[in-house]
Amino acid sequence: MTLTLQLFLIVSTALFCIGLLAALSRRHAIFILIGIEMMLAAANLNFIAFWRFSLDPHQPTGVMIAIFSIAIAAAEAAVGLALVISVYRHYRTTNVDELDQLKG
Amino acid sequence: MNTAAFIVIAILTLAAALAAATLQKLMHAALSFAVTFVGIAAFFFLLGAEFVGLVQVFVYIGAVAVLIVFTILLTRRDVEKDRGFNWSGVVIAIAVFGGLICAIFKTQSVSVAAPAIPALTVKRIGEVLMTNYVWPLQCVGLLLTAALIGALILVMEEKG
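For the record, the sequence lines run as chains A and B. Each residue of the first sequence is one higher than the last, beginning at 2 in my numbering. Each residue of the second sequence is one higher than the last, beginning at 213 in my numbering.
Do not rely on the hints blindly, as some may be mistaken.
Examples of chain A residues toward chain B, derived with CB under 8 Å [to be verified]:
#, residue
1, 11
2, 31
3, 67
4, 83
5, 95
With the Cβ distance kept under 10 Å, some of the chain B side facing chain A (calculated, not the full set) [stated by the list, open to error]:
#, residue
6, 225
7, 256
8, 316
9, 326
Across the chosen pairs, the derived CB separations fall in these ranges [unchecked claim]:
#, chain 1, residue 1, chain 2, residue 2, range
10, A, 28, B, 343, 43 to 51 Å
11, A, 101, B, 338, 45 to 53 Å
12, A, 103, B, 365, 14 to 22 Å
13, B, 339, A, 93, 46 to 54 Å
14, B, 338, A, 93, 45 to 53 Å
15, B, 343, A, 93, 48 to 56 Å
16, A, 94, B, 368, 16 to 24 Å
17, A, 99, B, 285, 18 to 26 Å
18, A, 90, B, 338, 39 to 47 Å
19, A, 94, B, 346, 41 to 49 Å
20, B, 339, A, 91, 45 to 53 Å
21, A, 57, B, 216, 24 to 32 Å
22, A, 62, B, 304, 30 to 38 Å
23, B, 289, A, 62, 43 to 51 Å
By construction, these hints were calculated from the structure, which means they are not laboratory data. Beta carbons: idealized from backbone N, C-alpha and C, even for Gly.
Please model the complete structure; the sequences and the hints are all you need to start from.
Below you can see the structure in the form of structure tokens.
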């Protein structure tokens, strides 16, 4: 069985949907961040797979996008976790269902 | 590319991702989240992008996963399990998965085999980063500085 692009896309889709599952169905703020990071990693895998199977691989466009995406995801994870710590300090909870002060 | 390697890495990654998404104890979920990233880095190696695989190991496993573990330790209460699980999230995730898989199978242009490519060297990545992508590089530097300052301000204790 030769490896086609389809197989890599199926794996990255499954990873994205598992990340979506974690982000949508968990009530702890850190789990939601874990889900978001997993979705970003699945998108990176997608980019690299498309770069590898492209017709002009001398242009490392997919690789560069993935490198920048990893940097941005790390920055966003840091800020998100700082937010979680700050919220925990004020409200002593990390359950996002209990953070409803801005609710209309 | 090795088919057996692909299957092993795919099973490892997806199993670890499912464990990270569904385990009750936070610490176990965070550690299997790190194993997921090991699997993704292995995929990058399989696809010939070794530099990105190593960057992934350094940044995601070495920084993000460790940061998540530290935050779990800092925001711990008496019970460290996650109470409450929303089942509609499972339905939405399966629906999105089904839709995307349909789209993948209907596209003819993605069922191609891998062409033989010259190896991507770090020299080439460095050249491209400094010539074509120099502005995104500066912007990412600025963004990382802003994120650093922002994160520090968010967790700094106010005096008085």
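- Message: Tell me the numbers of any earlier hints that the structure contravenes, in ascending order.
- Response: Of the numbered hints, all hold.
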